[in-house]
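Chains as they are written, first to last, in my numbering: chain E, 5 to 287; chain C, 5 to 287.
Hints may contain errors.
Claimed, not checked - The calculated BS3-like cross-link candidates involving lysine-lysine, where the alpha carbons are at most 25 angstroms apart (straight line), are:
{"id": "1", "chain 1": "E", "residue 1": "259", "chain 2": "C", "residue 2": "259"}
{"id": "2", "chain 1": "E", "residue 1": "271", "chain 2": "C", "residue 2": "206"}
{"id": "3", "chain 1": "C", "residue 1": "206", "chain 2": "C", "residue 2": "271"}
{"id": "4", "chain 1": "E", "residue 1": "79", "chain 2": "E", "residue 2": "10"}
{"id": "5", "chain 1": "E", "residue 1": "206", "chain 2": "C", "residue 2": "271"}
{"id": "6", "chain 1": "E", "residue 1": "206", "chain 2": "E", "residue 2": "253"}
{"id": "7", "chain 1": "E", "residue 1": "271", "chain 2": "C", "residue 2": "79"}
Claimed, not checked - Cβ pair distances, simulated, as ranges:
{"id": "8", "chain 1": "C", "residue 1": "182", "chain 2": "E", "residue 2": "180", "range": "49 to 59 angstroms"}
{"id": "9", "chain 1": "C", "residue 1": "145", "chain 2": "E", "residue 2": "175", "range": "26 to 36 angstroms"}
{"id": "10", "chain 1": "C", "residue 1": "170", "chain 2": "E", "residue 2": "7", "range": "35 to 45 angstroms"}
{"id": "11", "chain 1": "C", "residue 1": "29", "chain 2": "E", "residue 2": "51", "range": "41 to 51 angstroms"}
{"id": "12", "chain 1": "E", "residue 1": "257", "chain 2": "C", "residue 2": "145", "range": "29 to 39 angstroms"}
{"id": "13", "chain 1": "E", "residue 1": "231", "chain 2": "C", "residue 2": "213", "range": "28 to 38 angstroms"}
{"id": "14", "chain 1": "C", "residue 1": "249", "chain 2": "E", "residue 2": "157", "range": "47 to 57 angstroms"}
{"id": "15", "chain 1": "C", "residue 1": "178", "chain 2": "E", "residue 2": "51", "range": "24 to 34 angstroms"}
{"id": "16", "chain 1": "E", "residue 1": "55", "chain 2": "C", "residue 2": "29", "range": "34 to 44 angstroms"}
Said to hold, decoys possible - Chain C side only, calculated, beta carbon under 10 angstroms to chain E, not exhaustive:
{"id": "17", "residue": "159"}
{"id": "18", "residue": "162"}
{"id": "19", "residue": "181"}
{"id": "20", "residue": "182"}
{"id": "21", "residue": "187"}
{"id": "22", "residue": "222"}
These are computed hints drawn from the structure, not numbers from a lab. For clarity, every value in this text was computed on a predicted model and none was experimentally measured. Glycine residues also receive a C-beta, built at the ideal position from the N, C-alpha and C atoms.
As a plain string of letters, each chain reads:
2 protein chains.
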Amino acid sequence: MDKESKILIVGLGMIGASYAEKLHGLGFFVGGLSARQSTIDKAIESNIIDCGSIDVTKEFVSRFDIVVFALYPKKFIEWISLYQDCLKSGALVTDVTGVKSAIVYRIQGMLRSDVEFIAAHPMAGRELQGIDNRCAEVFDGANYIITPTPANTTKAIDTAAEIGRLLGFGHISVLSPEEHDEMIAFLSQLTHCIAVSLMCCKESRHLVDYTGDSFRDLTRIANINENMWPELFAMNKEQLLAQMNLFEKEFGRLKNAIAADDIDTVKEMMITSTERRKLFNKK
Amino acid sequence: MDKESKILIVGLGMIGASYAEKLHGLGFFVGGLSARQSTIDKAIESNIIDCGSIDVTKEFVSRFDIVVFALYPKKFIEWISLYQDCLKSGALVTDVTGVKSAIVYRIQGMLRSDVEFIAAHPMAGRELQGIDNRCAEVFDGANYIITPTPANTTKAIDTAAEIGRLLGFGHISVLSPEEHDEMIAFLSQLTHCIAVSLMCCKESRHLVDYTGDSFRDLTRIANINENMWPELFAMNKEQLLAQMNLFEKEFGRLKNAIAADDIDTVKEMMITSTERRKLFNKK
Chain E
5 MDKESKILIV
15 GLGMIGASYA
25 EKLHGLGFFV
35 GGLSARQSTI
45 DKAIESNIID
55 CGSIDVTKEF
65 VSRFDIVVFA
75 LYPKKFIEWI
85 SLYQDCLKSG
95 ALVTDVTGVK
105 SAIVYRIQGM
115 LRSDVEFIAA
125 HPMAGRELQG
135 IDNRCAEVFD
145 GANYIITPTP
155 ANTTKAIDTA
165 AEIGRLLGFG
175 HISVLSPEEH
185 DEMIAFLSQL
195 THCIAVSLMC
205 CKESRHLVDY
215 TGDSFRDLTR
225 IANINENMWP
235 ELFAMNKEQL
245 LAQMNLFEKE
255 FGRLKNAIAA
265 DDIDTVKEMM
275 ITSTERRKLF
285 NKK
Chain C
5 MDKESKILIV
15 GLGMIGASYA
25 EKLHGLGFFV
35 GGLSARQSTI
45 DKAIESNIID
55 CGSIDVTKEF
65 VSRFDIVVFA
75 LYPKKFIEWI
85 SLYQDCLKSG
95 ALVTDVTGVK
105 SAIVYRIQGM
115 LRSDVEFIAA
125 HPMAGRELQG
135 IDNRCAEVFD
145 GANYIITPTP
155 ANTTKAIDTA
165 AEIGRLLGFG
175 HISVLSPEEH
185 DEMIAFLSQL
195 THCIAVSLMC
205 CKESRHLVDY
215 TGDSFRDLTR
225 IANINENMWP
235 ELFAMNKEQL
245 LAQMNLFEKE
255 FGRLKNAIAA
265 DDIDTVKEMM
275 ITSTERRKLF
285 NKK
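Make the full structure from the sequences, and use the hints.
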């Protein structure tokens, strides 16, 4: 990857548009594909892409050396199935999808042999959607995970890492798709399930005047894109259910200890919790 | 309550010391009681109290018109039982305790008839403890709840509200002790139980490099004072268990929907969640 590499972002939602803004700001030639003309118009007016299109044509797509898919998982698979002939020979394809096992092998299995797919997951985002909520700084210092398979070349892995560094990520790591999915089921999907469940417990309008920060913190992510997340959950169902069971077990253990006035267990869980949480303080 | 009112803070932990700093900064004469001389020394050096003592004597305590207890619940009850004779006749006693039914009636039942106890709960705090972590601004814009009983005078309720305003709270409300406890069981105690359970799920050292903000947000309060919280849980056990059961039910509903590929239910819960969460965005 060099300064001359042309980068296409497919999907200009919050993440795609943030990628575009950051990479264009660094001087790269950046193109955009979107389903909506108004999004392309906005991206050009905002000077975050050099050119854009709502039509997927070989003429447009084959100009790009690197193609980043920032689509919902099913749309990503559909795009590859319908339009992969438009990709330039030798192009590198990457993505931002939040689940990996269900995506990586499938895309690699479908893709032409002269195009390589290296999967990546930027662990950053906002609970707000769309191009208007883009933020080139949202990746600063965040974690970026590359999930190669044996089919990937070292060069592709290096390029994915370079994209991560250019975007501003603070920590770039490599995991297998399976390791990624177990980890994401726990750290991200389970936490979203908890936040959603908490908000579903009761009509809470009258509670706004009484709340402290803890409820606000725990439910920030309860503002959730109901079109994207069920798809991600379904694509990582087995792992997510395993992590939900694990959480239910620990929550039940704490509940039983409280019910039985077993202060020792409650204290012990709090000490473990405090000890482990310290590691997550931002450096 | 006038500018001449002398205020005693009993317990100079994070909350007590923050009260002292704010009220002293506003020009009130503020005294402090602490179990440790080093804390009193620090409070005087830091210019957040005018005088302090580690000994509870009538001579010291009877100088004050308003006495704010910022102790753990059991210590608060113990103090009243041992030292209430030291209080000035006509003094107003208030507190910062996080549970109310188990405290308010008990203290009011014990207290001399020439001293009035009006309970209050500042819904603000930090996950850090002690005088060194005091912060006079931690109350700015936060919620402050007064929980009177039929035994309280309007004058005492008004004074408690005035203390809340002076401290900087943005919203001051009045609830019965029972309403307070149900609300706090849901908004605060349940959320702490969730955060603790989540951290207890697995040894998570290796996950630090992969986490996004959602796990950090959900577990900020997992850094928890294991000496105070079990006491608060035990004193509000019935309500807390009811809220834990409610949460388990909703979490189980979501889990079953995911397991059954029931996308409609998952979506419906996410829409409810997003809708309700909007009300909690800070104004």
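To see whether the hints hold, each was checked on the structure:
A distance of roughly 19 angstroms separates the Cα atoms of residue 259 (chain E) and residue 259 (chain C); the hinted pair therefore holds under the 25 angstroms criterion. A C-alpha spacing of about 17 angstroms is found between residue 271 (chain E) and residue 206 (chain C), which places the hinted pair at or below 25 angstroms, so the restraint holds. Between residue 206 (chain C) and residue 271 (chain C), the direct Cα distance comes to roughly 29 angstroms. Violation of the 25 angstroms bound is thereby established for this hinted pair. Taking the CA atoms of residue 79 (chain E) and residue 10 (chain E), the gap is about 23 angstroms. The hint holds against a cut of 25 angstroms.
As the CA atoms of residue 206 (chain E) and residue 271 (chain C) are separated by approximately 17 angstroms, the hinted pair is consistent with the 25 angstroms bound. Taken as a hint, the residue 206 (chain E) and residue 253 (chain E) pair is honoured in the structure, with Cα atoms around 23 angstroms apart against an allowance of 25 angstroms. For the hint pairing residue 271 (chain E) with residue 79 (chain C), the CA-to-CA distance comes to about 18 angstroms; that is within 25 angstroms, so the pair holds. A hinted range of 49 to 59 angstroms for the beta carbons of residue 182 (chain C) and residue 180 (chain E) is consistent with their spacing of about 53 angstroms.
For the pair residue 145 (chain C) and residue 175 (chain E), the supplied restraint of 26 to 36 angstroms holds, since their beta-carbon distance comes to about 34 angstroms. For residue 170 (chain C) paired with residue 7 (chain E), a C-beta distance near 60 angstroms fails the hint of 35 to 45 angstroms. Between residue 29 (chain C) and residue 51 (chain E), the C-beta spacing of about 48 angstroms keeps the proposed range 41 to 51 angstroms intact. Restraint check, residue 257 (chain E) to residue 145 (chain C): a C-beta distance of roughly 37 angstroms satisfies the suggested window 29 to 39 angstroms.
A C-beta distance of roughly 30 angstroms is found between residue 231 (chain E) and residue 213 (chain C), which places it inside the suggested range of 28 to 38 angstroms. Distance hint check: the CB atoms of residue 249 (chain C) and residue 157 (chain E) are about 53 angstroms apart, consistent with the given range 47 to 57 angstroms. Separated by about 53 angstroms at the C-beta atoms, residue 178 (chain C) and residue 51 (chain E) break the suggested range of 24 to 34 angstroms. Residue 55 (chain E) and residue 29 (chain C) have their C-beta atoms about 58 angstroms apart, which leaves the hinted 34 to 44 angstroms range violated.
For residue 159 (chain C), the interface hint is violated, the least distance from its beta-carbon to any beta-carbon of chain E being 24 angstroms, above 10 angstroms. Because the closest C-beta pair between residue 162 (chain C) and chain E is about 19 angstroms apart, greater than 10 angstroms, the hint is violated. The restraint placing residue 181 (chain C) at the interface with chain E is violated, with a minimum CB-CB distance near 13 angstroms, outside the 10 angstroms limit. For residue 182 (chain C), the shortest C-beta to C-beta distance to chain E is roughly 14 angstroms, which exceeds 10 angstroms, and the interface hint is violated.
The interface hint given for residue 187 (chain C) is met, as the beta carbon of that residue sits about 5 angstroms from the closest beta carbon of chain E, less than 10 angstroms. Restraint check, residue 222 (chain C) versus chain E: the minimum CB separation of about 5 angstroms is within 10 angstroms; hint holds.
This entry does not satisfy hints 3, 10, 15, 16, 17, 18, 19 and 20, going by the numbered hints stated previously.
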